[in-house]
Amino acid sequence: MEVIQIKAEPLTSEGFQPFGQVIGQDDISLVLRNGEQFRMGIIHQRNTGYQINHMNFHRNSTQALVPLEGKACLVVVAPPGLTFNEASDLKQVKAFLCDGSAGINIGLNTWHQALLPIGPEMKMLNVQGANSREDTEACNFERTLDAVIEVVL
11 MEVIQIKAEP LTSEGFQPFG QVIGQDDISL VLRNGEQFRM GIIHQRNTGY
61 QINHMNFHRN STQALVPLEG KACLVVVAPP GLTFNEASDL KQVKAFLCDG
111 SAGINIGLNT WHQALLPIGP EMKMLNVQGA NSREDTEACN FERTLDAVIE
161 VVL
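Those letters in the sequence shown? Residues 11 to 163, by the numbering used here.
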């Protein structure tokens, strides 16, 4: 299996702009399409390491994720339009280190994962479309490309 390493960079408005907005720094645009409605909940995430083998995106709603309790985390995203048909696509994945003082709003069709805790675990506020199961496109590149991404802090 091929392991592609990417270095995490600090989360900034400028750096994150191709993927969405930084909550607490930017004007935020929550978007719904095709009759979608928002739902809000809490995700509890445990640290399982920083190897990424899959990502997903949503066509009809943006997704806002805000770390709770000021917990630092990783934000892993990739540009809309990637097919992950070739291993070289994995080199377009970006990782951002969030200090826990801001959240993110992920744009339509933008590949992503839930926030990854730097510590043992974290909770995050999640605002996304209520029909996210039907509105989610996913890719497991460990299966399709025999490759994973490893984020280096």
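Just so you know, the hints here were simulated from the structure itself, not pulled from any lab data.
For glycine and all other residues, C-beta sits at the position ideal for the given N, C-alpha and C.
Be aware that one or more of the hints could be misleading.
[Claimed, not checked] Straight line, CA to CA, 25 Å or less: simulated SDA-like cross-link-like pairs of lysine to any residue:
#  : residue 1 : residue 2
1  : 17        : 140
2  : 101       : 133
3  : 81        : 45
4  : 81        : 44
5  : 81        : 19
6  : 104       : 47
7  : 104       : 44
8  : 81        : 57
9  : 133       : 109
10 : 133       : 94
11 : 101       : 123
12 : 133       : 92
13 : 133       : 64
14 : 133       : 111
15 : 17        : 149
16 : 104       : 45
17 : 17        : 84
18 : 81        : 39
19 : 81        : 95
20 : 17        : 95
21 : 133       : 45
22 : 133       : 13
23 : 17        : 142
24 : 101       : 37
25 : 17        : 145
[Said to hold, decoys possible] Estimated spans, in silico, between C-beta atoms of each pair:
#  : residue 1 : residue 2 : range
26 : 95        : 37        : 30 to 40 Å
27 : 130       : 160       : 34 to 44 Å
28 : 146       : 95        : 32 to 42 Å
29 : 48        : 78        : 13 to 23 Å
30 : 56        : 109       : 15 to 25 Å
| Among the hints numbered above, which are violated by the structure, and what are their numbers in rising order? | 1, 2, 3, 4, 6, 7, 10, 12, 16, 19, 21, 22, 23, 24, 25, 27, 28
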